[in-house]
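Here the structure of chain A is known, so what remains is to put chain B in place on it, guided by the hints.
2 protein chains.
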Amino acid sequence: MNGWKLVYEEFTPQQEALREALCTLGNGYFASRGAAPESSAGGIHYPGTYIAGCYNRLQTQIAGETIENESLVNAPNWLALTFRIEDGDWFDVGNVNVLSYHQELDIKKAILTRTIRFCDPDGRHTRVDQRRLVSIEHPHLAALETSIHAEDWSGSIEVRSALDGQVVNAGVERYRDLNKRHLNSGTAESIADDTFWLEVETSQSRIRIVQAATTRLWRGEQCITPAPAVDQAEGYIAHHYQTRLDPQQPLRIEKIVALYTSRDHAISESGLEARKSVSEAAAFDALASRHIMVWKQLWQRFDFDIEHDDPEEEEKTERTLRLHILHLIQTTSPHVMDLDVGVPARGLHGEAYRGHIFWDELFVFPLFNLRMPEITRALLCYRYRRLNEARRAAQAAGYRGALYPWQSGSNGREESQRLHLNPKSGNWIPDNSRLQRHINAAMVYNIWQYYQVTRDMEFLSFYGAEMILEIARFWSSFTSYNDESKRYEILNVMGPDEYHDAYPHDRRPGLNNNAYTNLMMVWVLLRALELRDILPSQRFSELCQTLNLSKEEFAHWDEVSRRMIIPFHKDEHDNDIISQFEGYEKLTEFDWQDYRKKYGDIQRLDRILEADDDTPNRYKVSKQADVLMLFYLFSSEELGELFAHLGYPFEYETIPRNIDYYLKRTSHGSTLSRVVNSWVLARSNRPGAWPLFAEALDSDVADIQGGTTSEGIHTGAMAGTVDLIQRCFTGIETRGDVLWLNPSLPEGLSSLTLTIRYRQHVLGFHITPSRVRISTEPCAEKPIKIGIVTDVNEFQPGEVREFQL
Amino acid sequence: MNGWKLVYEEFTPQQEALREALCTLGNGYFASRGAAPESSAGGIHYPGTYIAGCYNRLQTQIAGETIENESLVNAPNWLALTFRIEDGDWFDVGNVNVLSYHQELDIKKAILTRTIRFCDPDGRHTRVDQRRLVSIEHPHLAALETSIHAEDWSGSIEVRSALDGQVVNAGVERYRDLNKRHLNSGTAESIADDTFWLEVETSQSRIRIVQAATTRLWRGEQCITPAPAVDQAEGYIAHHYQTRLDPQQPLRIEKIVALYTSRDHAISESGLEARKSVSEAAAFDALASRHIMVWKQLWQRFDFDIEHDDPEEEEKTERTLRLHILHLIQTTSPHVMDLDVGVPARGLHGEAYRGHIFWDELFVFPLFNLRMPEITRALLCYRYRRLNEARRAAQAAGYRGALYPWQSGSNGREESQRLHLNPKSGNWIPDNSRLQRHINAAMVYNIWQYYQVTRDMEFLSFYGAEMILEIARFWSSFTSYNDESKRYEILNVMGPDEYHDAYPHDRRPGLNNNAYTNLMMVWVLLRALELRDILPSQRFSELCQTLNLSKEEFAHWDEVSRRMIIPFHKDEHDNDIISQFEGYEKLTEFDWQDYRKKYGDIQRLDRILEADDDTPNRYKVSKQADVLMLFYLFSSEELGELFAHLGYPFEYETIPRNIDYYLKRTSHGSTLSRVVNSWVLARSNRPGAWPLFAEALDSDVADIQGGTTSEGIHTGAMAGTVDLIQRCFTGIETRGDVLWLNPSLPEGLSSLTLTIRYRQHVLGFHITPSRVRISTEPCAEKPIKIGIVTDVNEFQPGEVREFQL
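Listed in order, the protein sequences are those of chains A and B.
Take the first sequence: its position 96, counted from the start at 1, is 96 in full-length UniProt numbering, and no numbers get skipped.
Take the second sequence: its position 86, counted from the start at 1, is 86 in full-length UniProt numbering, and no numbers get skipped.
No lab work stands behind these hints, which were simulated from the structure alone.
Be aware that one or more of the hints could be misleading.
What the hints assert, rightly or not - Result set (SDA-like, lysine to any residue): computed pairs, CA atoms no more than 20 Å apart in a straight line:
(1) B:Lys782 - A:Pro311
(2) B:Lys276 - A:Pro311
(3) B:Lys276 - A:Arg391
(4) B:Lys782 - A:Asp533
(5) A:Lys782 - A:Val792
(6) B:Lys296 - A:Pro311
(7) B:Lys782 - A:Arg455
(8) B:Lys782 - A:Arg727
(9) B:Lys5 - B:Lys108
(10) A:Lys782 - B:Arg532
(11) A:Lys586 - A:Ser485
(12) A:Lys782 - B:Glu794
(13) A:Lys782 - A:Asn793
(14) B:Lys620 - B:Phe568
(15) B:Lys785 - A:Pro783
(16) A:Lys276 - A:Thr195
(17) A:Lys296 - B:Cys544
(18) B:Lys782 - A:Thr195
(19) A:Lys276 - B:Ala393
(20) B:Lys296 - A:Leu543
(21) A:Lys276 - B:Arg532
(22) B:Lys782 - A:Arg391
(23) A:Lys5 - A:Pro311
(24) B:Lys598 - B:Asp613
(25) B:Lys782 - A:Gln538
(26) B:Lys782 - A:Ile534
(27) B:Lys782 - A:Asp456
(28) A:Lys785 - A:Lys586
(29) B:Lys108 - B:Ala286
Isolated chain A, as found in the complex (with noise of 0.2 Å):
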């Protein structure tokens, strides 16, 4: 066990779906699911951005829509490799008796290693290793290498390779009953003793899927391939090799595979270039050996090194770090520079949420955007693509600009469910979770965030700029004037925290003046008023004139954004706390020791609720941060500077006073809350901030949720303790042309390493609680300003320079 490896050394059926979650390969391409070889569950997940995701057919029923929608698709399943002896029953692990297991995830390496010894029921021994990688090198290649050891018996054996399309989705149990099926079956063909090759189609978005696969057996140095027997059905093919075993020398086989779709660039048709690339592809060693040396060259990019007091605690948040930067670099490699793809919030490791996208974004991209901002880029024009739907959204609603959905589908379109199901009462409840218009402003903070770090005034200029005066536009037509209060408001939306979604007794969804909704709007309406000096003069006025944008309107946008309405009540010692919504002060408090008593984990509050009749509607109480998430994505200088635009009072007392506040009354039910908790009180209370952070951290690991890992990790909670660790601990932010650093280790941590990318130049930081040294590489660009806590210093490229903390 050392930081690098994620290991387990027994075979136990229960922990299989999680394990399969956390020990899936990919390559921002596809993601294959660590599946045992004999399962048929086992598939390559499609990344599910590429299709259409959306309602089930159930829920389509009950919306009465149109469209024969579809789920994140599990394509053909290309491990499908096993083997029988002496004409006996297919290879079942549930059928042998397992000696030993071992199953290793290499996350330096990102290769997948499994050993298992069995006696099967003839008494013979038999061993079986098997490698698996899914190329980060070549994004369209995959290869499993398997060899089979006769440890005391001689015989016949018969392997089984397989491309199989009959995969459904069943990993998410409570879409079981839903539609699973989505891919309608193509041709295929076996073209030679080692090659064959099958077509699918997903069922509504008609995205051809072709993967092409080549089987060889190896005795030793020798290939001895024999021809096969075909087996084929409707979307399935597979070749049956017969051949003999004994225990002087073991049969390995490699399978390699191709995957293309119609979607690909480069390409003239996808059968073809799945057929020309596997039949190039090189043996499974060298592409192990190119796929290691451009994961080494990726960490580098993406490592990070921390000292802990206690060693083990060390070690486990290495690793724990470590396996969420590979999950997220699987995900979002620098292969999707050239895809048209978005964050799945549960990655491409699970089928919940069916692939949609979310905001898990906002957690996501200030990772990347400080270590290769060109997939923050790349994934940002995914955003941009579906503008035009967006503008069609807030049409649909009655206002101007863009609006972007809170479930994303494949083209934009809202998708987010009406109805979902409380397994705890069986019950089909009402789902307004579309009311988080607060979505838009995450976008707005995400181009803003990559900018700062970039600057990459192409990208600002032709996509950004137009997304950011839109969102603005939908904002500003979104508020209203309240003669009372003389201020403008925000009526009827959801914030973060989705146990609020009503007000109790009333039959109409939505709240009004969700701080941090409000609050937000008044940033994003700030920055498109800042476009206005940083785009090139020629652009503004095309974007201006395209966009129908007259002074008026960002005069208008001006006066709102000084006149926000945020609202605020009294805490127990008579000290303003921003409320979560206007009214949030009338609420009950809830009886948490009570309810802990009853029901053990209340995370999921809502579902205890509602099978009790009840709503946490009517309760103080948080599934997740609402109002905290201010203190997350914005500095107290910032935030000072939003109040006092506002002319509201704030003073730094505020940021803990309202940590204290709304912590005691959340649940956690979300993995986000986690990392915005540790991030927050590490910023306010530096001991508090470690156990949190040691919690989130476990998130996907420990499966906290129980059962939710398996359907997917999480991709935002992922990102988001690297992030601590990244921006959080360090305390750097990305403000006007500084890059400011004010680190502040938790107690334990004794000494913090990373290197980062700042506007072309790369960076190295070494961090003790009292000195920080900056290294900047030798480059050809100009030179850069760090601030260091409060002093702003200009570094030359190639300079090492040591500050006292």
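Positioned in the frame of chain A, the structure of chain B alone reads:
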């Protein structure tokens, strides 16, 4: 007539094809042909670069290829709209007496208008007005408005509006015996009185193309679309509308069409998107006014202004250059920024070369670099995506690195024909044009120019550098060392001049040490070596590791770059001339006078000689600039440095001497040749420049090659002529971190005004023979350096300064 309109006042069937090509409308996403409404040949030219362009069927059989290839595809004809009066024959321009005809391409607005007045066999007088646009705002939309006026009759009229997928590729006469049909039919459906849609699939690449059309009939302000009769056939659907017409009020028909393909980004399914898009589309006038607005913005970026002593010459020159700019923007508009497309040699305007991508980029990119470099970036990415195919080609040919093809097909494979037809002799003769390896140098030149203008480090780091290094590697593996000359050499290639592909009496194709190729190769190696100083060190190490580049390999490149051979021979005055290739001096002088007398137009001397059982390989005669390309691509300063680096003498006189020598021996059998010659003359011999420039300007508008324009406009020549104004007459050169300016206006030209972009700055130039005024727009960028003739000046944003020349 003014500098913004192309007008035809006569309907002459013989001129139809030429007019069609010149009046083509497009928006970078699709281009529609200017066909008469009654013509079934008028179709949307689908961007050929999307399609597996390649050999025709006959050549495929000869070459023994197994892929069933397809040409540039004509998408279904959306213009199909016609009418008949009182159940008579469908309108046919051949069966009526045309009283007047007016066709006008408004270059500023990119709208085509036509009016035809005719008298039918029954003596009725009718006028038809038509406007047409392909929206530059909405890449998926096109619109056709038709008004029919009964001048002296009343009666019933039947309007037929269709989407016609039965189109064939028949635009190039000599291809007509080959496979013409490239569309398989799919679903077609009438979904409302005014709406129907058609789906087809390309036969080899299997791209689905869906068009949805609305057809609405108007009488004044009233929409009177009646219930239609639906006419359907394989790959064809039409609505037939019956109504009445009388002289009081014309009938107006609006047809709006949306086109989506299965390759599009941000879609669910192409049919769904096409239907949604057309159902939401604005009416013709609203579409037109937005279309005109966006074109106005484009003209602000791309226009120029000249003053010539001869006002007629001035108007004609401006009009033709603007027509060229129009067609270039239509072929590669801002919409290509998110598409995987290249620049087809014949635009999207005709079927010649079947949409293949050649080296025309070399002439096209300089225009875009200084106006909208984001377009160049996208087009360079098209090449980057095909780097793997270029690696494959190098390996297959026994070399290292990357070998880009002379004619690039959809997935980047070599698609140069192996045989071509001489229409003069009827012979199929071997075609060795794939030996034009110099296209690989053009690739590097293009990347470098783009980088010099933009300093786009992201592009260079992630895409450009890898291509440059791999191409340098190819060149270095392609050279051999000659023990006798003690220099490196390049054997068996063709230079740009296609008249020479072998030594006379040698059956093997290829020439040795083509001076252009050798010198470009040296320049490429120098750029590859320079990357060591430019790239961020982190990225440079990654690339060296990934490409397995050693110090020794760089050292070898350095060595080759210093010791490459350049052949010379003596002219009649015993001066050194750069030999087009080794042994050029041994060729026979050509009797130009004799052949001109005998054949008149001898532009295509190759065909004349082949028909006479002779070959241009025997003569000192060039189809197009070869050695002279060097003076086109490099300033005398840069050439001087290159020759010095190689240890060869170079003096300023070398340039006019070589120009004089080769111009006498060139037949200008290529439209590009005039651009190059005009360019080099303008730099060395001012008075001589304008006539050749004016001739190059005529290439397409006057169809000087006698029929080639109707097979597609010449993108390289069109861009080259604009670039003569932009870079040659101004002397703009981007080298190091300086924008050099060295104006030299040809005689007759009294001023030149244009606006360019350089490193995010917007710069205005006003140039007269004696002065230059430079203005920089206010912006947030750092100052730039502008060199005027020999002095470098630093410019802040927002300055205006004037210099004496």
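Here's how the hints hold up against the structure:
1. A hinted pair counts as satisfied when its Cα atoms are at most 20 Å apart, and B:Lys782 with A:Pro311 does not qualify at roughly 49 Å.
2. Pair hint B:Lys276 plus A:Pro311 does not hold up; C-alpha atoms about 60 Å apart against a cutoff of 20 Å.
3. A threshold of 20 Å between alpha carbons decides the hint, and for B:Lys276 with A:Arg391 the separation of about 14 Å falls inside it, so the pair holds.
4. As the CA atoms of B:Lys782 and A:Asp533 are separated by approximately 15 Å, the hinted pair is consistent with the 20 Å bound.
5. Note on A:Lys782 and A:Val792: the hinted pairing holds, with a Cα-Cα distance of about 16 Å set against a maximum of 20 Å.
6. A distance of roughly 66 Å separates the Cα atoms of B:Lys296 and A:Pro311; the hinted pair therefore is violated under the 20 Å criterion.
7. Annotation: proposed proximity of B:Lys782 to A:Arg455 holds, straight-line Cα distance about 13 Å (limit 20 Å).
8. Restraint check: the Cα-Cα separation between B:Lys782 and A:Arg727 comes to about 29 Å, which exceeds 20 Å; the hinted pair is violated.
9. Between the alpha carbons of B:Lys5 and B:Lys108 the distance comes to roughly 8 Å, so the proposed pair stays at or under 20 Å and holds.
10. In summary, the hint linking A:Lys782 to B:Arg532 is supported, as the alpha carbons are separated by about 18 Å, within the 20 Å threshold.
11. At most 20 Å may separate the alpha-carbon atoms for a hinted pair to count; A:Lys586 and A:Ser485 meet this at roughly 19 Å.
12. At most 20 Å may separate the alpha-carbon atoms for a hinted pair to count; A:Lys782 and B:Glu794 meet this at roughly 16 Å.
13. For the hint linking A:Lys782 to A:Asn793, the alpha-carbon distance of about 14 Å falls within 20 Å, and the restraint holds.
14. Among the hinted pairs, B:Lys620 with B:Phe568 is consistent with the structure: their alpha-carbon atoms are about 14 Å apart, no more than 20 Å.
15. Simply put, B:Lys785 and A:Pro783 have alpha-carbon atoms about 18 Å apart, close enough for the 20 Å limit, and the pair holds.
16. About 11 Å separates the Cα atoms of A:Lys276 and A:Thr195, which keeps this hinted pair within 20 Å; it holds.
17. The suggested pairing of A:Lys296 with B:Cys544 holds, with an alpha-carbon distance near 14 Å, which does not exceed 20 Å.
18. The hinted pair formed by B:Lys782 and A:Thr195 fails the criterion: a straight-line CA distance of about 58 Å is larger than 20 Å.
19. For the suggested pair A:Lys276 and B:Ala393, the alpha carbons sit about 13 Å apart, so the restraint of at most 20 Å is met.
20. Taking the CA atoms of B:Lys296 and A:Leu543, the gap is about 13 Å. The hint holds against a cut of 20 Å.
21. Proximity of A:Lys276 to B:Arg532 is assessed by CA-CA distance (about 34 Å); at most 20 Å being required, the pair is judged violated.
22. Annotation: proposed proximity of B:Lys782 to A:Arg391 is violated, straight-line Cα distance about 35 Å (limit 20 Å).
23. With a CA separation close to 16 Å, the supplied pair A:Lys5 and A:Pro311 stays within the 20 Å bound.
24. Between B:Lys598 and B:Asp613, the direct Cα distance comes to roughly 16 Å. Compliance with the 20 Å bound is thereby established for this hinted pair.
25. The straight-line distance between the Cα atoms of B:Lys782 and A:Gln538 is roughly 17 Å, inside the 20 Å bound, and the hint therefore holds.
26. Under the criterion of a C-alpha separation no larger than 20 Å, the hint pairing B:Lys782 with A:Ile534 is consistent with the structure, at around 13 Å.
27. Our distance criterion of 20 Å between C-alpha atoms is met by B:Lys782 and A:Asp456, whose separation comes to about 14 Å.
28. Proximity of A:Lys785 to A:Lys586 is assessed by CA-CA distance (about 48 Å); at most 20 Å being required, the pair is judged violated.
29. Pair hint B:Lys108 plus B:Ala286 holds up; C-alpha atoms about 17 Å apart against a cutoff of 20 Å.
Hint compliance for this structure: hints 1, 2, 6, 8, 18, 21, 22 and 28 are broken, all remaining hints hold.
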